[in-house]
Amino acid sequence: MSTLETPSPPPPPSATATVRPLAKKRARPSEQLFKWLVVGLTAITMAMLIWLITSVLIRGAGSISWSFLTDKPSSNPAKAGFNSALRGSVVLMMVTIFFAWPIGVAAALYLEKFAAQSATLTERRLRERLTTGRVSGLGAGWVHARLWWLRIRPRVVHLIDVNISNLAAVPSIIYGLLGLAIFVGVMGISKSLLAGGLTLAVLILPIIIIAAREALRAVPISIEQGAMALGATRWQAVRSQVFPAALPGILTGTILAMSRAIGETAPLIVVGGVVFSTAVPSLNPLEAGNEALLAMPLQIYFWTDQPQASFQAIAAAGIIVLLATLLVMNLVAIILRNRYSKRW
Amino acid sequence: MTTNVDPEKTAKDSPIEIHLSAGAAGGDAGRASADREGAGAPQEPHLGPPIFRLQDMGVWYGDHHAVKGVSMDIPRNAITALIGPSGCGKSTALRCLNRMNDLIPGARVEGRVLFGDEDLLSGDVDPVDLRGRIGMVFQKPNPFPKSIKDNLEFGMKVNGIKPTAERVEQALVDAALWDEVKDRLKAEAFSLSGGQQQRLCIARAIAVEPEVILMDEPCSALDPIATLAIEDLMKKLAERYTLVVVTHNMQQAARISDQVAFMTVEGTAEGDRTGVLAEVGTARQIFSAPKDPRTEAYITGRVG
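First to last, the protein sequences are chains E and H.
According to the working numbering, the first sequence is numbered sequentially starting from 661.
According to the working numbering, the second sequence is numbered sequentially starting from 22.
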């Protein structure tokens, strides 16, 4: 084309002559605008976080010391330490994870690997049993009950599915009320670390279930089928192949659920959290039923509620310790994920 | 078999008839029937007695009739290839033979699949035990995310076979992988190449001492060199095992198989698309003198 418009130079060799000239770089204003918009919005988020952390660091760094971590609470801000709260939180987490993990993982395994499975065969077997007349009376009733369960099972599982997601979104104070009613009221557990830990366990149960299910789902179905094609039962396939492959993901989710639990304040207050105590809780989780319910967020809440400015400083120091704990937990989760997660 | 009255199907049923009689009457009769077949096919290679007899086998996925009316014999110690266009239900048909379709919610298998004299689809057959006897290799290599050794030992353990070092070695030797991995049995299976992973999966299947190995497009994820290695291996394995191989590669089917079953898709009156068996015969017959026009169209490349 261009060769026709500029006749003066001799026409270039035919092969190149037919190629249109390449377009030059040009500005795309809307592209730029959008880029700066998202950069700006990201910056706002980061700025909030940085502002929060620096303000806490400025106020609290001076109060951080070894004795702050090892001293027990005191009404004198200069002597007050974070030790009881720290110990309380550690025991709380032990109790929480002891109850939440096995229940949550078991529920995830059932929902993901067993409840959604094909029931065609079981159904056929049960029907055959009825038609051949090998069962009668009570036995037949039992077979009918199982058939009925198989028929409604998909709907029940779907209902559970939806409600687990709903549970994860329930405000934590509701869990506090639940814990107060069930563990303290009905079960008669004293307002202790045990009651608090159980309440937090219920609180993070849906989070653990959702995370564990996602981790199980991330293991390709071909692994399970490969195992079953070798003559493994479903349980053998899940136990020996799918579950180990999903474990890093499950643990990552568990740690993230724990970091949610460790910062919870409201449910602990409702269950009977102690805001001031000079007791130092034992680190033995078996003693949790007898120990006053102390925890880092409760202690921080109590300190920020005090009128004296010096208490504000140690509250900031407490926040630093809590944030550092959270940071370490999340770091472990990230390392687990990067180190052990499989690329299928 | 013989109850089939659909006139369109009579043509494609004939090779099955011939083969059935060959299987039933034993070796000499088999050769005789091949001679009787005439039709320009010279010297049909002899196929052994059947290990599987599929009788009007079909598969439903919910309301979808995925495969219907598959009737054929699968000879022992031979390679039977299932070929056909995508979506014709070859893999689905294959998965009936070790009851893997049981694992798919909503899937239902009809008809009979005799393994020896027993219908393996029968409700009182234990599918777990069956799968220990009829192994399977999948399209995409699916080693367990563990060591090479663990991959082999898992199947032995669940089948009650003591996982000794000798058995591990034997399975790897049989799968033509031993020389490449003998120094690193503890290495992650994922560190192997795709072709090695697939041979590991074959070794894993052999290690449980099955009678039959089903292969679902075992080479489709591999390069030509790895494919050749697996094909050589298959031919060797056919001396000891019965192999049923799904492939969409006709050259591969021609290279390796003794018997070929061609499946295709039929539209039904209800607008469903159902996989059917168009023709089954020896590899030589299918590729040199197909009887069904659909087979001919497919293998000459006019369709599919």
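To be clear, the hints were calculated from the coordinates, so they are not data collected in a lab.
Don't take every hint at face value.
As the list claims (entries may be wrong) - Stretch-level coverage of chain H by chain E, calculated; a stretch enters the list once three of its residues show a Cβ under 8 angstroms from a Cβ in chain E:
{"#": "1", "segment": "118-131"}
{"#": "2", "segment": "240-246"}
{"#": "3", "segment": "280-291"}
Unchecked claim - Restraint ranges, calculated between C-beta atoms of paired labels, are given here:
{"#": "4", "chain 1": "H", "residue 1": "Gln160", "chain 2": "E", "residue 2": "Arg1003", "range": "53 to 61 angstroms"}
{"#": "5", "chain 1": "E", "residue 1": "Ile812", "chain 2": "H", "residue 2": "Ser107", "range": "42 to 50 angstroms"}
{"#": "6", "chain 1": "E", "residue 1": "Arg811", "chain 2": "H", "residue 2": "Asp204", "range": "54 to 62 angstroms"}
Don't be surprised by glycine CBs; every beta carbon is placed ideally from N, CA and C.
Now the hints, each set against the structure:
no.	hint	in the structure
1	118-131	holds (count 9)
2	240-246	violated (count 0)
3	280-291	violated (count 0)
4	H:Gln160 - E:Arg1003: 53 to 61 angstroms	violated (19 angstroms)
5	E:Ile812 - H:Ser107: 42 to 50 angstroms	violated (37 angstroms)
6	E:Arg811 - H:Asp204: 54 to 62 angstroms	holds (55 angstroms)
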